[in-house]
Amino acid sequence: MLQVISLLVENKPGALMRITGVLTARGYNIESLTVARTLDPALSHMTIVVDVDPSLRSLVIKQMIKLINVLQASDLTESRAVAREMVLVRVKAPVDRRTAILKEAEIFGARVIDSSVEGFALEATGDPEKLDEFIDVMRSYGELDATRSGLVAISLEGKKPRLSPPVPTGSGVEKLEQKTGVPNG
Amino acid sequence: MMSTSSLVSGARMLLECLVREGAECIFGYPGGVTLPLYDAMYDHPMRHVLVRHEENACFAAQGYAIATGRVGVCCATSGPGATNLVTGLVNGLMDSTPIVAITGQVASKLIGSDAFQEADTFGITRSCTKHNYLVKNLADLPQIIHEAFYIAGSGRPGPVLVDIAKDVFSGQSRYAPVSAIHLPGYKVPSDGHTGQIRRAAQMIWEARRPIVYAGGGIISAGASAELRRLVEFVDIPAVCTLMGLGGLPSEHPNFISMPGMHGSYAANMGLTQTDLIIALGVRFDDRVTGRLSAFAPHAKVIHVDIDPSEIGKNRIPELPIVGDVRRVLEKLNQILAETAPAISTQNAAARRSWWHQIREWQEQYPLKPVISEAEIKPQHVVSEIDRLSGGKAIVTSDVGQHQMWSAQFIRFNEPRLWINSGGLGSMGFGLPAAIGAQFARPDKLVFAVVGDGGFQMSIPELATLVNYGLPVKVVILNNGYLGMVRQWQELFYNNRTCAVELEGFPDVQKLAAAYGFTGRTVEKPHELAPALQEAVDDPGPYLLNVRVSPCENVFPMVPAGSGISEMVVGPPQPVLVPK
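Heads up: the protein sequence lines correspond to chains L and W, in order.
Heads up: the first sequence at position 83 corresponds to 82 in numbering that gives the first Met the number 0, and the numbers run straight through without jumps.
Heads up: the second sequence at position 232 corresponds to 231 in numbering that gives the first Met the number 0, and the numbers run straight through without jumps.
Rather than coming from a laboratory, the hints here were simulated on the basis of the structure.
Beta carbons: idealized from backbone N, C-alpha and C, even for Gly.
Don't take every hint at face value.
These stretches of chain L come out as covered by chain W in the derived footprint (C-beta under 8 Å, 3 or more residues) [said to hold, decoys possible]:
| id | region |
| --- | --- |
| 1 | 13 to 20 |
| 2 | 63 to 69 |
Below, simulated DSBU-like cross-link-like pairs (lysine-lysine); rule was C-alpha separation at most 30 Å, straight line [claimed, not checked]:
| id | chain 1 | residue 1 | chain 2 | residue 2 |
| --- | --- | --- | --- | --- |
| 3 | W | Lys523 | L | Lys158 |
| 4 | W | Lys523 | L | Lys159 |
| 5 | W | Lys186 | L | Lys11 |
| 6 | W | Lys367 | W | Lys186 |
| 7 | W | Lys312 | L | Lys61 |
| 8 | W | Lys312 | L | Lys158 |
| 9 | W | Lys312 | L | Lys11 |
| 10 | W | Lys312 | L | Lys159 |
Chain L is nowhere near these chain W residues, computed Cβ spacing over 12 Å in every case [as the list claims (entries may be wrong)]:
| id | residue |
| --- | --- |
| 11 | Lys135 |
| 12 | Val159 |
| 13 | Leu366 |
| 14 | Ile458 |
| 15 | Gly503 |
| 16 | Arg519 |
Same shape as in the complex, but just chain L (with noise of 0.2 Å):
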């Protein structure tokens, strides 16, 4: 089964690679990624979709929180959560079948974005299934190309982040002076 993890980290360079390093090195193939700035510019707000192993889920989170730029990691697979998903429909409609198509779109609430001779460009939102159902459909019609923009997720537990306040420089010196005796210097 698939796990969504969602995760509040800093904006930082290599916080990305981490992430998904904790993934890619048990060889997880992630499904889909999706990652971009939070209302605080210096955050960023980040939803996985991977095939993780159940008993390691609770682990990949851990180890995920134990990264120093992630704030929060939690697993939304099975809490209260809402999750959409955006996808973008390039279909081929010709005279005879655009109002079909049009009729179509608004039954999965689509919106028009681009109208031409040769066809519409069309975005839907909803869950991912209704969306496999949404292309399928538009498939029925005729040639068709499709991006989807992967999982976004919210938690519908308001759980706030539990940060580190700032320690200061060389606090590490005395700590480890004290803790083998050993004279610096």
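Put chain W on the given structure of chain L with help from the hints.
Coordinates of chain W only, in the frame set by chain L:
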């Protein structure tokens, strides 16, 4: 103190940050893009130790770090310099050793252009480090250096790499010392949950056959004294893992040696039959647990670790406690002391018979060195080293048979004396680690116990020993084989030994003489003790090549995939036990 108003180079700023972090020396190797850094070192008091290969700079920094508990620093240039650090970084990651690795990178405007000696060090070392940085702006440098030290040394320690573009080293700016670092996503657990610790105390009193399973976390956390208080107060038998040796003095009566693949019979049987494992700073490594499903089948587990991702990774504990093991043990000992009068007599009879059983196992299959009058047994060599050390010397090793014999027979009565490549098992670790350790502890007798295989991977560092006059005693257990590989080929591959014979070993006396110090080969048992004494008495480095019996194997042994109670306790042929 540097003036804060004048312009200084990034290289100089880096050195100032290292000084502020208490670094004493850098183990390194220079190159093209680190030229500005070495130029700044020219008239800076920071000590630089020139090794002969970057991998050994990283190993030496680890020897230094393990011997002191402080962050070790190593340095390499871009490209091949940086890629040569990789094995060392993974080694540090596996053994939770605090190091900061500084690498040079090509100038920031050239990054990504396949410039001369360019490699994607930041990308390559991502999975080899606890954290890593690429510095392209001078303004970020001081902050990042302090963050690197903080991350390396705190929590579960580990290596942090800082890749610095050449123009950052050479750029000039005003230096304003950084007073604080803020890593909101980096959590360092400290005190454990008091309620959980109370429950732990309760479980300890209720247990009939408890055992302490202590690891490298005891050493990193400086928790030896608290560990000792615990085992003495409740009178529990304790095993220390390969990484935890010295966490409890080897001579302590409650110490029943190392568990695992080449652990003692008593340690492995104890872990198999216990009803409560008190796991302290350990990770239930496969070399300790053997087949997980057969590991400690009757036991409840209390697992204390500073890294939450270790808890439940291999064995799901009944009672997890996330925290610094020293602080957790302080509180646990306090609670045990408070609750003792009421319940310490509970299970007293069961505890007595548990100890009786443990002592029986120890007597039944003691860890005793094999000694022969006809040839030098490798176990004989490490026992002689043990005699000279008296539990006080620093001993480093590579990986393999010599490492296991050292762990079995050399006593470590303090933490930070035993320095080996545990998790990664890197050959060639012992000699450079000894260099780092000897720099850290000039007052200590340092033995590098190595095999003839690993030694040949670190031979260039003999020059470093001479260069700095380091009196490291290099003892080669020379059986002419890659012994551990041969042991597995013998036992599990139907004796089809392949590519394990090491022919062409150099004449050690000539080799050492070529480097300008003393070396000697011994072959007869009666020569061994005097030769080791001569090595110790020599004020300088000493290379002692001991021709040991070629086909000796390490026992007890738990075959891979077996439960740890399924031990092969000895070789099939009869052995001569010393009087």
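Going through the hints against the structure:
1. Check on the region 13 to 20 of chain L: 4 of its residues sit with their Cβ under 8 Å from a Cβ of chain W, so the three-residue criterion for coverage holds.
2. Three residues within the 8 Å Cβ limit are the bar, and the region 63 to 69 of chain L against chain W gives 6, so the coverage statement holds.
3. About 70 Å separates the Cα atoms of Lys523 (chain W) and Lys158 (chain L), which puts this hinted pair outside 30 Å; it is violated.
4. The hinted pair formed by Lys523 (chain W) and Lys159 (chain L) fails the criterion: a straight-line CA distance of about 70 Å is larger than 30 Å.
5. Under the criterion of a C-alpha separation no larger than 30 Å, the hint pairing Lys186 (chain W) with Lys11 (chain L) is consistent with the structure, at around 18 Å.
6. The hinted pair formed by Lys367 (chain W) and Lys186 (chain W) fails the criterion: a straight-line CA distance of about 45 Å is larger than 30 Å.
7. This hinted pair checks out: Lys312 (chain W) and Lys61 (chain L) have alpha carbons roughly 10 Å apart, not beyond 30 Å.
8. As the CA atoms of Lys312 (chain W) and Lys158 (chain L) are separated by approximately 25 Å, the hinted pair is consistent with the 30 Å bound.
9. The suggested pairing of Lys312 (chain W) with Lys11 (chain L) holds, with an alpha-carbon distance near 29 Å, which does not exceed 30 Å.
10. A distance of roughly 26 Å separates the Cα atoms of Lys312 (chain W) and Lys159 (chain L); the hinted pair therefore holds under the 30 Å criterion.
11. The claim that Lys135 (chain W) lies off the interface is violated: its Cβ sits roughly 9 Å from the closest Cβ of chain L, which falls inside the 12 Å cut-off.
12. Listed as outside the interface, Val159 (chain W) is inconsistent with that label: its C-beta sits roughly 9 Å from the nearest C-beta of chain L, within the 12 Å cut-off.
13. Once the 12 Å rule is applied to beta carbons, Leu366 (chain W) is consistent with being away from chain L; the minimum gap is 29 Å.
14. With a minimum CB-CB distance of about 30 Å to chain L, Ile458 (chain W) clears the 12 Å threshold, and the non-interface call stands.
15. No Cβ of chain L approaches the Cβ of Gly503 (chain W) within 12 Å, the least distance being about 39 Å, so the stated non-interface status holds.
16. At roughly 33 Å, the least C-beta separation between Arg519 (chain W) and chain L is larger than 12 Å, which holds for a residue marked as non-interface.
Hint violations for this structure: numbers 3, 4, 6, 11, 12, all remaining hints satisfied.
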